[in-house]
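Asker: Produce the complete structure using the sequences and hints provided.
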Amino acid sequence: MTTTTIFGFCAAVLVGLGLYGLIVNPQPLRKLLAFNLMGNGVFLICAVIARRGAAAGMGGDPVPQALLITAIVVAFAASALAVALMLRLSEETGACSLSSTRGEGD
Amino acid sequence: MTAAANLLTITAVLAGAFFFLAGTVGLLRFPDTLTRLHALTKADNLGLGLVVLGLLPRTGSVVAGFKLILVWLLVLLASSAVSQLIARNARRSPP
Amino acid sequence: MLPTAPTIMPTAGASLLTVAVLLPFFGVLFGLLLGGRNAERVAWATIVLGVVTVLAISRSLLSTRAALIYHLGGWAPPLGIALRADGLSVCMMLVVAVVVAAVAVYAHADFSTPAGAREARGPFSFWLLLLAVWGSLNLIFVSGDIFTLYVALELLTFAGAPLVSLDGRGETLQAALRYLLFALAGSMFYLLGAFLLYGVYGTLDIALLASQIKAQPVTWAAAALMTAGLLAKTALFPLHLWLPPAHAGAPAAASALLSGLVIKGSWFLVLRLWLDVFPVTATPAAAQWLAAFGASAIIIGNCVALRQARLKLLIAYSTVAQIGYLFLMFPLVAALDASRLASGPVVTGGLLQVVSHATAKAAMFMAAGLIYATLGHDRIADLRGSARALPLTVTAFVLAGASLVGLPPSGGFVAKWLLLSGATATAQWWWMLAMLAGGLLTSAYVFIVMVRSLAPAPAGWTAKRRVSAYQQWAVMALAQCSFLLGFAVLLPIDIVQIGRTGAPP
Amino acid sequence: MSIATHISLALLLLGLAFWTIVVRDTFSAVAGFIPYGLLLTSAWLALAAIDVALTEAAIGAGLTGALLIAAASRLHKTEIAARAEQRGTITRILAAILATTMTAAIMACILRLPDRAPTLAPTVARHLAQTGVGNPITAVLLSFRAMDTLLEAIVLLVGLIAIWSLAPDRAWGGRPGQAQTEDPKGPLAYLARVLPPIGIVIAIYIFWVGADHPGGKFQGATILAAMWLLVMMSGLSDAPAIDRGWLRFLLIVGPAAFIAVGFLGVVVAGAFLSYPTGFAKLLIVLIEAALLPSLAVTLALLLAGPPRRPGRRA
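Quick mapping for you: the protein sequence lines, in order, are chains A, B, C and D.
Residues 27 to 132 in the numbering used here are what the first sequence spells out, letter by letter.
Residues 5 to 99 in the numbering used here are what the second sequence spells out, letter by letter.
Residues 3 to 507 in the numbering used here are what the third sequence spells out, letter by letter.
Residues 12 to 325 in the numbering used here are what the fourth sequence spells out, letter by letter.
Rather than coming from a laboratory, the hints here were simulated on the basis of the structure.
This structure is a prediction, so every number in the text was calculated from the model and none was measured.
Careful, some of the hints might be misleading.
What the hints assert, rightly or not - Derived DEER-like restraints, expressed as beta-carbon distance ranges:
| hint | chain 1 | residue 1 | chain 2 | residue 2 | range |
| --- | --- | --- | --- | --- | --- |
| 1 | C | S213 | D | A119 | 24 to 34 Å |
| 2 | D | L122 | C | C305 | 38 to 48 Å |
| 3 | B | R95 | D | L122 | 26 to 36 Å |
| 4 | B | T15 | D | V33 | 36 to 46 Å |
| 5 | D | L109 | C | P410 | 40 to 50 Å |
| 6 | C | S213 | D | L109 | 28 to 38 Å |
| 7 | B | R95 | C | H379 | 54 to 64 Å |
| 8 | B | A91 | D | R255 | 35 to 45 Å |
| 9 | A | G85 | D | L122 | 19 to 29 Å |
| 10 | C | C305 | D | A119 | 31 to 41 Å |
| 11 | B | A94 | C | H379 | 32 to 42 Å |
Heads up, the beta-carbon is just placed ideally off N, CA and C, and yes, glycines get one too.
Answerer: Right, dumping it as structure tokens:
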């Protein structure tokens, strides 16, 4: 077992956990949490790939590491937008749910 | 000299770790918010202080040592303010 | 270092590609700074300049007859990022420019800042988001780097989701949230696939990947992940559930953008990946799966559309069905390539299908918006009198519908003809059946809407609101684009095929 | 760090992640997510990604954690109703099968990655001198792949416009968040007076060393944003109304300067976003300095949410 394999496996489980939570949890906020876990798993895989590419005196391949910084910031913006939508939805309808029975059915 | 520094590092970091452990046990076992807070702040402040103290001889440069102390001071500032806030909230709305 | 194949060297005149991508975003910045009424003015200036840019790009593509390639910052891939525009990208940029301009004309009536207000939420958000959608789509069409494409996909999502809930009602907020969660999960799958490709091949550049890719398990996994993520964003059956409430609930101009353009972004990326990156991996068997989902989408989407009571929901379900057609081309291309036959006409057919659907669907949603404004509702059973009140709009709706059905000389007709010929050539008759059944079902609901709206209005009926003539003409212009698109085959050259890497000589 | 440490770190991470997914109460789930984010920072360190660790600590754990905690407490009322709509057993089983397959497939991919991992590190090292900066990640972010960074700044702005578009019509042009009624002599106000001067110095330090060492504008901007949010939360200064000219200017100055330097490159150096020889570092620092305030304000406002109350006294 090397460090990269350990964290690679950890990342794989994180993606699986996130995917499960995303499908199974009915509450949007819990779905968002699960999405964040899944995202962390994906980012961790990228960091593993970066680490495997250590060369030229650098601890890891700087290109995927730079991509990761971009991806983390984008994921934060996504979470902020999702949270704003949830809060507005609960203000407007008094509930924060994705099931259509609650909304006005057509 | 190095032996003394190593001894300091080992003792201080171990003592720090002990305080963290005690604080965690307190957090889990104490009955209400205020006592838990008590356990936690002692552990944080003292534990982290001891760990920082233990790491100081190993930093290699004065600037790095200064940064470590700054980290400790910032944690002290934040944790004292936050504990005050939690305690006020706890007093206003008893569990 | 890396092969200096002519396809990856920068070409002259390609710097316009950065303008096409960044101009809309520059408009967003300026609109945000100036605010208020100026947001719309900035949007208009950007649209005029943007259309000119896209025309200039097409000219330069036609004159060189080769893909335009640009290295950002002067750094060649794999270190840097390349922009690359072939015939497919330029056709998509052209149709997006046309639809954006028409939607902008239409939206001037619904989204102008009310007199007296310095700045209003609806107009301000709409115009800036319109520009953001445009910029991200152009980026998707020209980016040659799979990570930049991820950023572009996220941009498109952030601009698209709030368009759904511009009116702020609870149900549209819910639809926007569902759309956002689907889209975010989809992009994460895509990103995972992209990272895996980097882990194996050490590059994110599409052209370099295409030259190095090998059929092996990790490549298959990456292809599956990226495709699955993009399908969720494109709303291909069975991942379509978020689409109808989102597209039907948005304001008409926003629905036109979402249904006509936004979903085409992720579809285009599937096409790009399957044609250029994964041709070795895209076995006919995998392509059959894509088309199987497509065929189910056609049948189920159209059947559900037929049962809708409201016009906007009908149009939204019709989008679900039409997305299905977009995926029928994949097994045809794969089979033609496998038997070393020219797959060019089928790709052209698929692209014509996209272009005709983009224009027709935008026209239909905008027409539905005008009908809603005039009647005060969009119940299909009560459309009586709308043809009398809005003759131009209803005609446009029927013309756009004819293009969806595939009547000559519409773009839809030529598209389906090319796809059917591909199916005949490769003896895949089952896809022909799906297409023909879909055409019949589509004609059924277009016919129902037409008959209902032709019925005379009840006595003493008056319009709820008079709609502007220019809005009706904007709808008509788009419908005509779609209906007359079939004549594009008479053009001396096939733009779509310029610079295609996968095309056999 | 030894393998054993890494294994325990990974197990702790997974334990917290599992807790976040299965625990009943949403607030507890978020409470698990925050230490999880901090532990993740150690994982980045274990993988020698120090810049990423800084970003994760600042944005992934810090800002996202604050965002989710606030959301969990404000959505607390709706939780009981939402809990009622639990998914059925069949959905759960199917989801578990799907998730397990996915995990197994990714593990297989990790094991099948080529032994001689492809890397761009030597290429970056070869061209590092041309960019004038010493930190290879800064070189990637602001020279080799500068377009990504420009687009990322635009993503944040589009996200902000998207969030603002969710405001109620009557609150347009107003201030985000609720009016704060914190005690002006309380501990929070004390913290908001003492901490920001230190925070600003640290933020500028992290930003400045980013050219040659781990750090940079995103991490610095996050600290600035946090300081501003602290001042807003303590009630010392109200959140700004979103139609203020200075605010709009600060929001766009970074991306606009970035695009301007990009087109300057077309004229002077022959390609968009390429820097003339000898001026690379100067232009990079210029772009970063313009991005710093824009990113700080954008990040803070993303967290503050859409405008909710009138900005000017009518």
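Asker: The structure should be examined with respect to each hint, and the outcome stated for every one.
Answerer: Here's how the hints hold up against the structure:
Our hint of 24 to 34 Å for C:S213 and D:A119 holds, since their Cβ atoms are close to 26 Å apart. About 45 Å separates the C-beta atoms of D:L122 and C:C305, a value consistent with the hinted range of 38 to 48 Å. The hint said 26 to 36 Å for the Cβ distance between B:R95 and D:L122, and at roughly 55 Å that hint is violated. B:T15 and D:V33 have their C-beta atoms about 41 Å apart, which keeps the hinted 36 to 46 Å range intact.
The supplied range of 40 to 50 Å is met by D:L109 and C:P410, whose beta-carbon atoms lie about 45 Å from each other. In this structure the hint that C:S213 and D:L109 lie 28 to 38 Å apart at CB holds, the actual value being about 34 Å. Look at B:R95 against C:H379: about 57 Å separates their beta carbons, and that is inside 54 to 64 Å. A hinted range of 35 to 45 Å holds for the C-beta pair B:A91 and D:R255, which are about 37 Å apart.
The hint said 19 to 29 Å for the Cβ distance between A:G85 and D:L122, and at roughly 22 Å that hint holds. With their beta carbons about 39 Å apart, C:C305 and D:A119 fall inside the hinted range of 31 to 41 Å. Checking the proposed 32 to 42 Å range against B:A94 and C:H379 shows it is violated: the Cβ atoms sit about 55 Å from each other.
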